[in-house]
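*Asks:* Just so you know, the protein sequences line up as chains F and S, in that order. With the first letter of the first sequence counted as 1, position 238 gets the number 238 in this note's numbering; the numbers rise by one all the way through. With the first letter of the second sequence counted as 1, position 111 gets the number 111 in this note's numbering; the numbers rise by one all the way through.
Incorrect hints may have been included.
Identical copies look the same in the list; a pair holds intra-copy or inter-copy alike.
[What the hints assert, rightly or not] As a list, the in silico BS3-like pairs of lysine-lysine whose alpha-carbon atoms are at most 25 Å apart: (1) K42 x K216; (2) K239 x K180; (3) K42 x K239; (4) K189 x K216.
None of these hints come from the bench; they were simulated from the model.
There are 2 protein chains.
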Amino acid sequence: MVYTSLKNDKIKEIIKLKDKKYRDKYNLFLIEGEHLIEEAIKMNLIKEIIYEEGYENSKFIPTMIVSKSIYKELTFLETPASIIGVCKKSDITIQADKILAIDKVQDPGNMGTIIRSALGFNFKKILISKDSADVYSPKVIRATQGAIFALEIKYVDLKAELTKYKKEYKLLSTDVEQGKSPSKFKNEKVIVIMGNEGSGVSEEIKDICDDYIYIKTNEQLESLNVGVAASIIMYELNKED
Amino acid sequence: MVYTSLKNDKIKEIIKLKDKKYRDKYNLFLIEGEHLIEEAIKMNLIKEIIYEEGYENSKFIPTMIVSKSIYKELTFLETPASIIGVCKKSDITIQADKILAIDKVQDPGNMGTIIRSALGFNFKKILISKDSADVYSPKVIRATQGAIFALEIKYVDLKAELTKYKKEYKLLSTDVEQGKSPSKFKNEKVIVIMGNEGSGVSEEIKDICDDYIYIKTNEQLESLNVGVAASIIMYELNKED
């Protein structure tokens with residue numbers, strides 16, 4: 001059977017997942033392309049595998065086949081991949097000595113880059129303020145390149161959440177004036193807090209921090225891209241001596 | 001006098017700069033917003049300062065004022081800034097011990113991030129393959145945050161150009177299998193070559209390299225974002241002991 005009607009209830013439910021509200025409600029999101037589907041299968045997070053009519057692939061068995069016109073409603077790529085997955089949000093809990101916190105990062109590309117680097121440098125637990133970009137939006141998912149499946153990601157009231165961790169972890173945010181080199185904190189339990197593209201970490205979060213870090217750059221440059229800054233800090237803290 | 005007609009020759013010339021072909025032909029490009037205009041003025045690269053009719057600003061003196069409908073044709077921002085500059089491409093020559101080369105990087109955001117970090121970590125001379133994204137396109141300019149004005153940027157036949165430098169500089173590209181830590185090359189004259197988002201540095205360029213570098217990451221991650229990888233390598237090579 002090929003799904004051909006936008007009025008079909010199952011199709012309607014799936015299309016809703018393009019909207020953050022429904023991703024939050026159902027704890028589901030969409031991924032597109034073979035690579036991401038494969039990663040989701042490995043982590044046992046796949047719920048549906050949807051093929052565009054006519055698509056052939058020996059690797060995966062589709063649970064649904066949809067007409068070309070339905071596929072057009074589902075895809076979010078300029079060059080559609082003909083295969084989309086409905087995916088459960090992971091609910092793994094990770095014990096970590098190094099945690100990343102994200103305060104109001106807005107750009108989906110930056111968010112994706114940060115998540116991808118977090119896995120690369122073993123920051124496997126990530127706390128995100130509720131007013132940051134949605135990690136489960138198609139643009140972020142694409143930029144993470146599948147890293148999302150192996151991480152614990154929690155949207156939280158950031159100040160309240162950080163306060164709970166403060167006894168056990170040193171809270172670090174970036175600061176141009178009083179910042180120290182990130183390598184100084186290598187052997188400690190830390191939460192690294194990265195802030196908004198324009199305004200940095202918010203004052204109320206800075207106020208509860210225990211210390212500050214800074215990456216030294218040529219003075220002609222005002223600031224690094226937040227994805228780059230986050231990546232370098234995590235790289236330094238993860239580096240073996 | 002307020003320019004109101006799209007048929008005006010001067011307006012026609014300026015609109016052409018939205019197209020790479022004409023940016024290449026005239027060695028001019030467009031920038032939008034106060035911050036970039038200010039940077040361009042500092043570097044003595046500004047040719048025209050264009051205000052949208054009704055815009056007021058005490059910092060800059062406009063050389064042209066255009067009607068709102070003309071401004072709409074010129075802007076490339078979702079939230080137009082009401083001030084656009086026509087800018088000369090810089091032709092500074094920089095003597096550098098550390099050079100960056102870019103081989104087929106396609107994404108404007110990645111390109112902008114790399115340029116911004118290059119200034120931050122003192123890679124002030126950049127060689128770019130002709131089939132890479134155009135540094136002077138609005139999206140890249142925005143992502144560089146003005147870093148572009150202080151750098152020497154040359155679009156070249158990359159293999160031929162690198163061959164010329166090979167006597168004096170060590171050519172380094174990334175390689176997962178035989179790559180060494182970037183810090184090993186800190187005290188040498190090097191050209192760091194970064195490659196395409198999907199396929200990495202092309203084989204013909206890898207073949208002429210003298211050595212290879214690699215950033216160690218968690219094995220669950222296939223690769224870092226190219227902007228992040230470039231930034232970490234430049235950071236390491238620029239770091240003081």
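*Asks:* Quick one: which hint numbers does this structure break? Sort them smallest to largest.
*Replies:* When the structure is compared with the hints, only number 3 turns out to be violated.
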